[in-house]
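Starting from the known structure of chain Y, arrange chain Z on it as the hints suggest.
Here the protein sequences line up with chains Y and Z, keeping their order.
Position in the first sequence counted from 1, then plus 182, gives you the numbering used here.
Position in the second sequence counted from 1, then plus 1434, gives you the numbering used here.
The hints are simulated quantities; they were obtained by calculation from the structure and are not laboratory data.
One or more of the hints may lead you astray.
Computed Cβ-Cβ distance ranges for the label pairs, DEER-style [to be verified]:
hint, chain 1, residue 1, chain 2, residue 2, range
1, Y, Arg461, Z, Pro1719, 22 to 28 Å
2, Y, Ala313, Z, Arg1688, 42 to 48 Å
3, Z, Lys1447, Y, Val332, 14 to 20 Å
4, Z, Leu1550, Y, Ser368, 27 to 33 Å
Covered, in the sense of this in silico footprint (three residues per stretch, anywhere, with C-beta under 8 Å from a C-beta of chain Z), are these stretches of chain Y [stated by the list, open to error]:
hint, stretch
5, 336-349
6, 434-447
7, 456-463
8, 466-478
Beta carbons: idealized from backbone N, C-alpha and C, even for Gly.
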Amino acid sequence: MTVQDVLTPGAGAPPAPGPAAGARGVWRRLRGRPSAVVSGAVLAVLLLAALAAPLLTALSGQDPYTYHDELVDSASGGAPQGSFGGMSGEHWLGVEPGTGRDLFARLVHGARVSLLVAAGATVLQVAIGVAVGLAAALGSRWADQVLSRVTDVMVALPMLVLAIALTTVVSDDFPRPLLLVLVMGSLNWGGTSRVVRAQALTLRGLDFVAAARLGGSRPVRVVRRELLPSLAAPVITYAAVLLPSNIVLEASLSFLGIGVRPPTPSWGQMLSTATTWFRADPLYVLLPSALLFVTVLAFTVLGDAVRTALDPREAGRLRVGTRKEKTRG
Amino acid sequence: MADRFRGVPFVAKRLLGAALVLLVLATVLYALFYLVPGDPAQLACGERCSPAQVAQVRGQLGLDESAHAQYLHFLQGLFAGRDYSSGTSVQHCAAPCLGLSRQNDQQVTTLILAGLPATASLAFGAMVVWLTLGVGTGLLSALRRGGATERVLTVLTLAGTGTPVFILGLLLMMAVCAYLQWLPFPSYVPLTQDAEQWAWNMLLPWLTLGLFESAKYARLTRSSTLEVLAEDHIRTFRAYGVSERAVVTRHALRGALPPVIALSAIDLGSMMGGAMLTEQLFGIPGLGRLLIDSVRSVDLPVVVGVVLVIGTAVVVANAVADVLYALADRRVVLS
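Just chain Y, with the same shape it has in the complex (with noise of 0.2 Å):
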């Protein structure tokens, strides 16, 4: 989905209140932006090797399950032969240490684990966020105080903790990439649904909404044709910003051996045996890290420009601030 399909949900729709009106004008605020289009190239090369894994991996003749025990020297405990980790004509980027499973494949293999299971605990993040946000907003005082309260919790317990506890209670069976959408999504949705509230509680307030109310509206058709569309800028930004800090947190569960899995790869999953391998085949710990480094910063950077271009007011202020953290290091 990109910023102008959220930005115009439906004919009729009133714009949002503040500067952030077309979406057009948000388009050409984030083109003028050499740091915005920079992130914005270097993830779409992401995205594209991403979807294009398994053509990717096809055109070079490899898979990131098969073994290739004599490709690894077993007399070192398993560290590739040849220089630079192994790397071939066949094998781009070398294979990994233990196994000879190919290393290209398993990283442009990675990239999809890495980016679908961010992308399905944002999505999931967001939307619990919103229902939360505008339950409290709209409902009664007493909802509003039962869920403004279990927010606060959500929000201060520490992520990362309660995320592997969590995935202690489910069976091995369960497939870990959606384990980790649900369990990551059911987590992180305090700040969202923060934001959604306070948004909701400006807007219910403002003239269109009560006349949509007056003109016997029903609730849903409210929410709907009126607020959601004025909370899309709000929650776009604060999603921009989930987006990277779930991809670390996808990767700090898997680099503890409690996310992803082997065989499956993912980012995260290649470097929990780093500490072994970082001196007999640094390219091994060094690629994934450097993938997910210029990713996360990519994000980041490209949030930042999508808030400032939402609202060029409103950046000013928001940018010298900070935000807290939730992986917990």
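Okay, now just chain Z, sitting in the frame of chain Y:
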């Protein structure tokens, strides 16, 4: 000064709220972990257990009681302590009893206390790093506004907030231990055993976690310093001819620090619960390691106990942060 004594009922209310949150957390955790659809006895016993063995484990764990009786026992253990009998001997588990580990029948409280020193040495050392480096960088970047220094610092802090801490640690370890060989690969030595070795081995973990957190503190210090510098009273000081240095160190810093102190308290609280990734990377046997190990061996009482302790640390830290904030910034009136 009299105004600030209004804080006492506030603190009481805050503590009561915190206690309530913890009770709810304990209940939810309990429900989630002990009454899950899956069979905890089967989980604890493993895949290849015979039905008879599972039944025996169930009896030992008290799982043959009704759900609410189990819950009451759990709460009783938490507030008054309880006894565990393993057929032949009886083990008493004193007041904040979090149960027994299913791996080795040790009390969860004992395991947690054993992990605490390592976690505390990591967290406090890292705090020293982020308070000096993070706050220093933030101040510098606020004072050199618009210059090249600020731009470099902004890029560095942006990169710092985005990098996962374990990548930072891995790269540092690769550079410092494997290639430059300035430091040995860290292996934890308790402070009580050998202070020098302890510090030497903790140096890299401190730097890793401290640098990682520094980015956030640099941003916070920068923004709150800029905010204070823009205020009227600072302009007045300048107009009176107070030197720029005195303006910054005596007046701007005082206004900029309260949020930093408050955030430090919160961060320290959540780190008490284990800076898991750093502990795992450097093999520090703290609370985070305990949690990960118990998750891997599906040792539910330990998982619940550690999460509960972490939750307590976080909730308490948040309350402490509120109070510290008010003490450091006299404009805040607690109500």
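Here's how the hints hold up against the structure:
no.	hint	verdict
1	Y:Arg461 <-> Z:Pro1719: 22 to 28 Å	holds (23 Å)
2	Y:Ala313 <-> Z:Arg1688: 42 to 48 Å	holds (43 Å)
3	Z:Lys1447 <-> Y:Val332: 14 to 20 Å	holds (19 Å)
4	Z:Leu1550 <-> Y:Ser368: 27 to 33 Å	holds (30 Å)
5	336-349	holds (count 10)
6	434-447	holds (count 5)
7	456-463	holds (count 4)
8	466-478	holds (count 5)
Of the numbered hints stated above, none is contradicted by the structure.
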